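Undergrad: Put together the whole structure using the sequences plus the hints.
The primary structure of each chain is shown beneath.
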Amino acid sequence: MLKYTVRRLLGMIPMLILISVVVFSLAKLMPGDSLSGEIDPLNTNPQYIAEMREKLGYNEPLPVQYFNWVTDFVQGDFGKSTRFKVPVADVIKEKLPNTLFLGVTSLLITYILAFLMGMYSGRKPYTIGDNAIAGLNYVMLAIPSFVAAVFAIYFFSFHLNWFPFGGSVDIQVEEGTLEYWISRFHHVLLPALVLGTLSTASYTQFLRNDIIENSRKDFVRTARAKGTPMKKIYNVHILRNSIIPLVTFLGFDFAALIGGAIITETIFTYPGIGQLFLNSVTTQDYPTLMALTMLLSFLTLAGNLLADILYGIVDPRIRLD
Amino acid sequence: MKNNKRFWLIAMFLTLAAFLAACSGSDGDASKDDSSTDDSKDSATAEGEPQKGGTMVYGIDAPPEGLFNSAFYGIATDAEVIGLFDEALIDYNEKLEPQPNVASWTTEDNKVFNFKFKEGVKWHNGEELTVNDWVFAFETIASPDYDGPRYSNVQTIEGAEAFRSGKADTISGVEVVNDHEINITFDEARVNNLTNLWPYPLPESVLGDVPVAEMSASEWVRTTPIGIGPFKVDKIVPGESVELSRFDEYWNGDVNLDKIIVRVIDNSSVVGALQNGDVDMISLQPVSGPEVEPLENVDIITYPGLSYYYVGFKLGKFDNAKQTISEELPKYQSKELRQAMMYAINRQEWADAFFFGYAKVVNKPVPTSHWNAADDSDLNTYDYDPEKAKELLDAAGYVDTNGDGFREDPNGDEFVVKFSHYATGNPTFEPRAQAITQYWEEVGIQSELEMVEVNLYYEMLEKDDPSMETFFGGWSTGSDPDPSATWKADQLWNYTRYNNPEADKLLDDALNIDIVGTDQQKRADLYIEWQKIVNEEVPMLYIAELEEIVALNKRVGGTEYDVSGSNSPAKWFVKK
Numbered sequence: 001m002l003k004y005t006v007r008r009l010l011g012m013i014p015m016l017i018l019i020s021v022v023v024f025s026l027a028k029l030m031p032g033d034s035l036s037g038e039i040d041p042l043n044t045n046p047q048y049i050a051e052m053r054e055k056l057g058y059n060e061p062l063p064v065q066y067f068n069w070v071t072d073f074v075q076g077d078f079g080k081s082t083r084f085k086v087p088v089a090d091v092i093k094e095k096l097p098n099t100l101f102l103g104v105t106s107l108l109i110t111y112i113l114a115f116l117m118g119m120y121s122g123r124k125p126y127t128i129g130d131n132a133i134a135g136l137n138y139v140m141l142a143i144p145s146f147v148a149a150v151f152a153i154y155f156f157s158f159h160l161n162w163f164p165f166g167g168s169v170d171i172q173v174e175e176g177t178l179e180y181w182i183s184r185f186h187h188v189l190l191p192a193l194v195l196g197t198l199s200t201a202s203y204t205q206f207l208r209n210d211i212i213e214n215s216r217k218d219f220v221r222t223a224r225a226k227g228t229p230m231k232k233i234y235n236v237h238i239l240r241n242s243i244i245p246l247v248t249f250l251g252f253d254f255a256a257l258i259g260g261a262i263i264t265e266t267i268f269t270y271p272g273i274g275q276l277f278l279n280s281v282t283t284q285d286y287p288t289l290m291a292l293t294m295l296l297s298f299l300t301l302a303g304n305l306l307a308d309i310l311y312g313i314v315d316p317r318i319r320l321d
Numbered sequence: 322m323k324n325n326k327r328f329w330l331i332a333m334f335l336t337l338a339a340f341l342a343a344c345s346g347s348d349g350d351a352s353k354d355d356s357s358t359d360d361s362k363d364s365a366t367a368e369g370e371p372q373k374g375g376t377m378v379y380g381i382d383a384p385p386e387g388l389f390n391s392a393f394y395g396i397a398t399d400a401e402v403i404g405l406f407d408e409a410l411i412d413y414n415e416k417l418e419p420q421p422n423v424a425s426w427t428t429e430d431n432k433v434f435n436f437k438f439k440e441g442v443k444w445h446n447g448e449e450l451t452v453n454d455w456v457f458a459f460e461t462i463a464s465p466d467y468d469g470p471r472y473s474n475v476q477t478i479e480g481a482e483a484f485r486s487g488k489a490d491t492i493s494g495v496e497v498v499n500d501h502e503i504n505i506t507f508d509e510a511r512v513n514n515l516t517n518l519w520p521y522p523l524p525e526s527v528l529g530d531v532p533v534a535e536m537s538a539s540e541w542v543r544t545t546p547i548g549i550g551p552f553k554v555d556k557i558v559p560g561e562s563v564e565l566s567r568f569d570e571y572w573n574g575d576v577n578l579d580k581i582i583v584r585v586i587d588n589s590s591v592v593g594a595l596q597n598g599d600v601d602m603i604s605l606q607p608v609s610g611p612e613v614e615p616l617e618n619v620d621i622i623t624y625p626g627l628s629y630y631y632v633g634f635k636l637g638k639f640d641n642a643k644q645t646i647s648e649e650l651p652k653y654q655s656k657e658l659r660q661a662m663m664y665a666i667n668r669q670e671w672a673d674a675f676f677f678g679y680a681k682v683v684n685k686p687v688p689t690s691h692w693n694a695a696d697d698s699d700l701n702t703y704d705y706d707p708e709k710a711k712e713l714l715d716a717a718g719y720v721d722t723n724g725d726g727f728r729e730d731p732n733g734d735e736f737v738v739k740f741s742h743y744a745t746g747n748p749t750f751e752p753r754a755q756a757i758t759q760y761w762e763e764v765g766i767q768s769e770l771e772m773v774e775v776n777l778y779y780e781m782l783e784k785d786d787p788s789m790e791t792f793f794g795g796w797s798t799g800s801d802p803d804p805s806a807t808w809k810a811d812q813l814w815n816y817t818r819y820n821n822p823e824a825d826k827l828l829d830d831a832l833n834i835d836i837v838g839t840d841q842q843k844r845a846d847l848y849i850e851w852q853k854i855v856n857e858e859v860p861m862l863y864i865a866e867l868e869e870i871v872a873l874n875k876r877v878g879g880t881e882y883d884v885s886g887s888n889s890p891a892k893w894f895v896k897k
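So the sequence lines, in the order shown, correspond to chains V and L. Number 203 in the numbering used here belongs to position 203 of the first sequence; there are no gaps in the numbering. In the numbering used here, each residue's number is its place in the second sequence (first place is 1) plus 321.
These are computed hints drawn from the structure, not numbers from a lab. Computed from a prediction, not measured in an experiment: that's the story for all the values here. Errors might be hidden in some of the hints.
[Said to hold, decoys possible] Straight line, CA to CA, 30 Å or less: simulated DSBU-like cross-link-like pairs of lysine-lysine:
id : chain 1 : residue 1 : chain 2 : residue 2
1  : L       : Lys784    : L       : Lys826
2  : L       : Lys809    : V       : Lys55
3  : L       : Lys681    : V       : Lys55
4  : L       : Lys373    : L       : Lys580
5  : L       : Lys652    : L       : Lys784
6  : L       : Lys556    : V       : Lys80
7  : V       : Lys80     : L       : Lys652
8  : L       : Lys784    : V       : Lys28
9  : V       : Lys55     : L       : Lys556
10 : L       : Lys826    : L       : Lys809
11 : L       : Lys897    : L       : Lys373
12 : L       : Lys643    : V       : Lys28
13 : L       : Lys809    : L       : Lys681
14 : L       : Lys416    : V       : Lys28
15 : V       : Lys55     : L       : Lys896
16 : L       : Lys643    : L       : Lys739
17 : L       : Lys638    : V       : Lys28
[To be verified] Distance ranges between label pairs, derived from CB positions:
id : chain 1 : residue 1 : chain 2 : residue 2 : range
18 : V       : Asp72     : L       : Asn446    : 18 to 26 Å
19 : L       : Val498    : V       : Lys55     : 34 to 42 Å
20 : V       : Gly135    : L       : Thr749    : 31 to 39 Å
Ideal Cβ positions, reconstructed from N, Cα and C, are used throughout, including at glycine.
TA: Shown next as C-alpha cells:
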C-alpha cells in the first residue's frame, strides 16, 4: 500500500508540471492583461499602464515569466493578486473557511437525502415511488444551479422570508458568540440546500443499484431462509455492504469542496473560493487565477488518489500493489 | 404529448429569459465615473424634519476589493464605501466648480496656491488633521514604490518628478507654513491645476511607519481604515459587508444616522431586496429601472451622469513611440458619409429601447450638465432623418450601381461598414449593436457586426487593429471638463485618431492661462467653439448620455443628488 501511494505521488509530479504549463499558457493566451481594464482618462494615463506592465514583469520573454512563476510557486509564494494588492495565499485563506463551510453543509444535505431516497428505491425497485425518485433526481440534475438559486432566493427569501438572500453572516452580531454561529448557519443553509439537493442523483442511483444487486446475493437468501426480518436484512446486512463503495465518492468530492460553487456563490454574494475564481477571471487577476487553477488541479489529483486508496481499504479484494 | 413538450420548451425559455434579464449586470465599459464627490451644502429637506438615530442599509452591486483608501482603490464599489467614511478637502457644487470644504484656497496666478485647513478636524482615531497628512499623501503617491494609479494627480506639483526619480528627498513645490496652512507650487500655471490636484489627505499617524510598497496591503487600508467623514468604519466582513457608525467628533455639524450597513447585493436580488425593505439605498442598472418603478415603498431618483456613448470611426493609425498619428485611413474620410450615418440612426428610439428611458440623446462629446457644454441650439442636432441621410449619400457618390440593394462607394466598389461592439456577459449588448447596423442598412449601407470579447476589444482599439473600422465606446469625464486625453492627436486614447490641428489648438488654448486667465466663461467659449467643430465633422457619432439612477426606500430622507453625486451622508436620516 505504501509503495503504491509513493508511486502514485511520484507520478503526480510530471502531471503537475504539465498542468502548470497548460495553466500558464492559457492565462497568457487570454487577450489583454490585468491592466487592460484600467483605461480611464480620469484616474490614470497611458504612461502609468506602461510603467506597471514593466514593473509586473509582463514585458519579459514568456519562458522567463514561466520560470519565475514556477520557482516562486514551488516555494509557496503564489504571487501578489493584481486586484487585491495582497499575496494570493492571503486572499485564498480569507475565503477558504466560507467555502469549506458551504461545501460540507451541502455535502451533508446530499448524503442525507441520497441515503433516504436510495434506500427506499433499492428496497422497492420499479415501483411508482422508485420511478418518482429517479425522475426527481434527474430533473434536479438537469436544472442549472444558477436558475435554481435565483428561484430559491425569490421564493424562500423574498416571498416567504425564511432565509437571508445573500452574504455569509449578519455583520451586526458579535463575532464568536452563539448568535454569530447561528447567523452563519442561517446564511449558509439556502445556498447549501440549492447545491445539495441538485446533486443527489449520482449517490441515490448508485446506492439503489447496489442495494438491488446485493439483495439478490446468496447471503440475503440465507438470511431470509433463517427467518431474519426483512427490515433487518435491508438495514443491516445489505446496507453495510452497499455503503462501502460510496465511501470512495468522498475522494471525488474533495476538490469540489474547495473549488466551491462558482455561480451559486456569486448569486448569493457568498464570499468564497468560487466567487473569487469567477471575479479573478473577469478582472484578469492572473496570479489569483493561476494559483486557484493549480490548487484545484492538485486537489483533483489528490482526490483521485484518495479514492483509489480508500477502495483498497474498504474492499480488501482490490489489490493495489 | 406534443403540446406538452412545447409547453415545457416555452416554460424553459421563459425561465432562461427571466434569468438573463435578471443577470444582465454591469456594463462593460472601460471607464465608469467613480469620481463622485460629496456635496455638503446645507439642505432643507422636503420630506420633513430630520430624525436622529436609526440604521440605514446601503447596497452595492459588486463585492468590494477591500482597498478602502482613495489613494489605492481600483473599482467604483470601493470608492462608494470610501465616500461614506472619508471626504475630500475640496468639494464640487452642482456646476462642478470647486468649493472649499476642509481646505480653502487663494491664488493669484494659478501657479502658486495657498491652502488653509479648518482647525479641529479629527481623524477617526482622534488625531487632528493637519497639512502634514496631505504632504504625506503627496509623497506616498509620488513614491516610486506606490502601486496605485493616481500619480497623474500629483505629477504637476513642482519637484514631484525629481522626488519620484529619487533626485530629491522632498517635493520642492510643497511648503508647509504651519499645521493648518500650506503653499503648493505647480510646475507651470494651468487653469485646471486645482481640479487636478490630489484632494485627499492620508493619515500619517497610522500609515507613517508603513513602507509605501506595503501600504495597500496594510490593515489601515483593508480592515480598519480611517477617514475624516461623518461615519467611521466599525467592522468589515471582506467581500460582503461593512458596518459604519456615527463619528461623534465630525467637524461639519451633526450626523443624523446611528449606523450605515453596506451590503453587497447581486443584481439578480436587487428588486426583491428593495421590495422587502432589506436595502434602503442602491444605485441601479438601467435594466432594473422598469421593475423597481412600480414598487410602492421605493422612490427612483435620477441625476445627470458624466459619461457618453459613441460610435467611433477609425480615421488613422497611431504611432505610440512617436506619439503621433502616422497614417490616415481612407475609408471613412468623407464627412458626408459620417453625417449620413448619424442621420440614419434613430438615437431616441435606440436609447429608450436599451436604456429604458434613463438616457438622453447627445450631440457632442461633453455631458450636458458640464459648465462648458454647448447648447443644442448652437449645434446640429442630427434629428433622425433617413431621407436626408439618403440625399447626403447620393450627393457624396455612395449609390447603388449594381442593383443589389446596397450602396457602393464613389469608385463603384462594394462598400461594407464593419461595426465592432464589445461583448461581456451582458445579453443586451448584441441586440443593441445589431439595432445600429439595421438603421444603416435601412438607408442602403451594408453593415456587418462583430462582437469582440471586452478585454481584447480595448487592446485592438488601442493598437488600431485593421479589423476595427467603426466601433462602439463610452467615455466619462471628470470634474474638470478638459477632453484632451481622449481627443487630441498626440494621445493614445484618442481612439478615432481624429486629427484636426485647428480643434487641438482650441483645446490647448482653453488650458492656456495666458489666453483664458481665470475667466471660466472665456474657457467655456473655447470649448463651445471646439464642440461646434467636432459636431460638424462627426469623427464619432454621439449617441447618448446616461443618467445615474438611485433607488431609495421611502423611509430615507435628507438626500440630495446633483451631477457631482449625493450630498454628505451626514444629512441622511431614516423615518421611524
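Undergrad: With reference to the structure, classify each hint as holding or not holding.
TA: Against the structure, the hints come out as follows:
Using a Cα cut-off of 30 Å, the hinted pair L:Lys784 and L:Lys826 holds, with the two alpha carbons roughly 25 Å apart. Simply put, L:Lys809 and V:Lys55 have alpha-carbon atoms about 28 Å apart, close enough for the 30 Å limit, and the pair holds. Between the alpha carbons of L:Lys681 and V:Lys55 the distance comes to roughly 42 Å, so the proposed pair goes past 30 Å and is violated. At roughly 11 Å between alpha-carbon atoms, L:Lys373 and L:Lys580 fall within 30 Å of each other, so this suggested pair holds.
For the given pair, L:Lys652 sits about 18 Å from L:Lys784 by alpha-carbon distance, which is consistent with the 30 Å threshold. Note on L:Lys556 and V:Lys80: the hinted pairing holds, with a Cα-Cα distance of about 25 Å set against a maximum of 30 Å. About 45 Å separates the Cα atoms of V:Lys80 and L:Lys652, which puts this hinted pair outside 30 Å; it is violated. For the hint linking L:Lys784 to V:Lys28, the alpha-carbon distance of about 18 Å falls within 30 Å, and the restraint holds.
Between V:Lys55 and L:Lys556 the alpha-carbon distance is near 34 Å, which puts this suggested pair outside the 30 Å criterion. In summary, the hint linking L:Lys826 to L:Lys809 is supported, as the alpha carbons are separated by about 9 Å, within the 30 Å threshold. The suggested pairing of L:Lys897 with L:Lys373 holds, with an alpha-carbon distance near 10 Å, which does not exceed 30 Å. Between L:Lys643 and V:Lys28 the CA atoms are separated by roughly 28 Å; this keeps the pair inside 30 Å, and the hint holds.
With a C-alpha separation of about 26 Å, the suggested pairing of L:Lys809 with L:Lys681 holds against the 30 Å cut-off. Our distance criterion of 30 Å between C-alpha atoms is broken by L:Lys416 and V:Lys28, whose separation comes to about 45 Å. Our distance criterion of 30 Å between C-alpha atoms is broken by V:Lys55 and L:Lys896, whose separation comes to about 52 Å. Simply put, L:Lys643 and L:Lys739 have alpha-carbon atoms about 28 Å apart, close enough for the 30 Å limit, and the pair holds.
Among the hinted pairs, L:Lys638 with V:Lys28 is consistent with the structure: their alpha-carbon atoms are about 26 Å apart, no more than 30 Å. Between V:Asp72 and L:Asn446 the beta carbons are some 36 Å apart, a value that contradicts the proposed interval 18 to 26 Å. The beta-carbon spacing between L:Val498 and V:Lys55, approximately 36 Å, falls within the hinted interval of 34 to 42 Å. The hinted window of 31 to 39 Å between V:Gly135 and L:Thr749 holds, with their beta carbons roughly 36 Å apart.
The structure shown violates the earlier hints numbered 3, 7, 9, 14, 15 and 18.
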